[in-house]
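Participant: So you can see what is in the structure, the chains are spelled out below.
2 protein chains.
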Amino acid sequence: MSNWKEKLLKIDPYVPGEQPIGKHIIKLNANENPYPPSPKALEALQNFSPAQLRLYPNSSALKLKRAVAEHFHLDEKQVFVANGSDEVIAFAFMACFCSPKPILFPDITYSFYTVWCALFHTPYETIALNEQFQIDVNDYAKENGGIILPNPNAPTGTALTKQALIQLLEQNQSSVVIIDEAYVDFGAYSAVELLEKYENLLIVQTFSKSRSLAGMRVGMALGSETLIQTIDAVKNSYNSYTMDSVAIEVASASIADEAYFQKTCQKIIATREKTAQELKKMGFFVFPSQSNFLFVTHNTVPANEIFEALKKENIFIRYFNLPRIQNHLRITIGTEEEMDILLKHIKKIIS
Amino acid sequence: MSNWKEKLLKIDPYVPGEQPIGKHIIKLNANENPYPPSPKALEALQNFSPAQLRLYPNSSALKLKRAVAEHFHLDEKQVFVANGSDEVIAFAFMACFCSPKPILFPDITYSFYTVWCALFHTPYETIALNEQFQIDVNDYAKENGGIILPNPNAPTGTALTKQALIQLLEQNQSSVVIIDEAYVDFGAYSAVELLEKYENLLIVQTFSKSRSLAGMRVGMALGSETLIQTIDAVKNSYNSYTMDSVAIEVASASIADEAYFQKTCQKIIATREKTAQELKKMGFFVFPSQSNFLFVTHNTVPANEIFEALKKENIFIRYFNLPRIQNHLRITIGTEEEMDILLKHIKKIIS
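Protein chains in written order, with numbering that gives the first Met the number 0: chain A, 0 to 350; chain B, 0 to 350.
Any given hint could turn out to be false.
Heads up, the list lumps identical chains together, so a pair's fine if it works in one copy or across two of them.
[What the hints assert, rightly or not] Restricting the straight-line Cα-Cα distance to at most 27 Å, the calculated cross-link-like pairs of lysine-lysine (BS3-like) are:
(1) K280 x K343
(2) K4 x K100
(3) K262 x K141
(4) K39 x K100
Source of the hints: derived by calculation from the structure; they are not laboratory data. Values in this document were obtained by computation on a predicted structure and should not be read as measured data.
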């Protein structure tokens, strides 16, 4: 008789950043937003009518789809929403990458991509970033089962231009191209306007970074009706109700508050630029960032030493012990005050 | 050049029950609870600190795992939680049904099982219910890649005894056996105590029915450490954070309120028994139910006629146009008042 354990899946899961808890911690390791969500979103939470919790939510989260569509001037049939952008991407993998040809993504990028490939048996090929750690879209002009890349890329923070994105789409019309715009609101070019021309373009965004709702779990995809319908069918073959009633209300209010969104994004961009200047003065190479984090390497002090020394001071940043980037650090942009404390400690560590 | 549309998935999704909205509707079609969630759960929602929404939740929802473990007198390593029991089952399919042999489930059962089989390419074989529409565990004594069945079964409402469940487990020790206990709290035998003996047993429960939190999306699995670890690895290969911070707080408070839970379950059971008696008097055959719904068929009036006539009165019940059950209806147990109105209308329709 065979053992039941032989019928279980063997897989190496993704490992998210540490979630240390404590009052005196400075947490710059998960690209969270240092500012609270929009007051309108908090109001929606306060006004939420708890009696409705006994009922199932609307299975397509129509209210939120409509709010997102309105924000981006799209049709609601071009919008998909789910329980965080990781879930959106997982559905998109199942829906769009059904070819025996390998999908393409950068060698240095969001490390979840290879995990989804393992889970869904998606063949893939990684394309090396160039020597400046940038994506060269010329390298993607080859047969493929699909393309996925973050813009800006993570953990480098560097973005592609509009022209480069158009070239990428022009040369890849026989597969789906997913642009993962998790960090786009901090200064990069968003491809939303290109949806009109490219039916095979899928844009993924999240409420976790620029909209400060990581704890609420909301992500979205924007694309042609054909693409959205296919992803919806996968969602409805997996879990009819991935968005809860509270998240639908809170996220709908959040995306309607453009003024607060712009204000906090601008604050983070200003803090990022100031922090980058200070780090350069201390001997860091700072990659040009259009995200809410900085990717840096010091000219004499090893990255892991800085990482460990900061941890002792209860300051958490991110260190990836991976090929090509073992001497680099990713630092989330916090408040002005948090960055001042960080810089003070780094100064001490490297001297 | 190939077309990008050829690389998309083709699948027939699950279709959930209608979600009609309106003040004068009586909604008995989705097995929702007619009573509100525990006041303790509502209090947790009111007391939720919105500032924490900017941060990611704890990725394993540890607080909720501990509350569930305490409730069932299990170790927290024997508990998995996710975004509704449908998501729990989807993960369990990926984690536990990795054999080329077919998994087994009843021919008349939760219709999502075949959809997951399609999505995850899981081979399956359905086992016919006996003539009394009951599961006969003897029929499951054959080679298989796993077994999944609801207890009580849906949409029949009929439950297996402890003895039958033990026989099922004794004869199936070389694959995982999933008991889907979505409706178990309304009078059926829960297999939780059998976890101690059977490491290949996975029990799935939900907060959507007996705990009145369908809108919050919370489900759980209970099993051996080996099983739970495997399902956790799948979750972490799919989406690190499937449970949002609000759901973790609300569900933790809900499961700790045993008194309210018992009171509402007992009320629903009492209403069910009363309703069953009344329906029998009107010429219905009523299957013995240990769930929060009744499965019925009338001796003269066709099921779809009753279904359509009730719909015109804004009363929604469930009719499945499927083999063997085209002349049956599933009626969720609502409040006493709702059932009185339903019975009054049915009386009119069948006379």
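Participant: Please sort K262 with K141 into within, between, both or neither, judging by C-alpha distance up to 27 Å.
Facilitator: Answer is neither: 41 Å inside a copy and 64 Å across each miss the 27 Å cutoff.
Participant: Checking an output row: K280 and K343, CA cutoff 27 Å. Within, between, both or neither?
Facilitator: Answer is within: at 13 Å inside a copy they meet the 27 Å cutoff, but 82 Å across does not.
Participant: When Cα atoms must be at most 27 Å apart, do K4 and K100 count as within-copy, between-copy, both, or neither?
Facilitator: Between copies only: 14 Å across, 32 Å inside.
Participant: When no copy is specified for K39 and K100, does a C-alpha distance of 27 Å or less occur within a copy, between copies, both, or neither?
Facilitator: neither (46 Å within a copy, 53 Å between copies)
Of the numbered hints given earlier, the model fails hints 3 and 4; all others are met.
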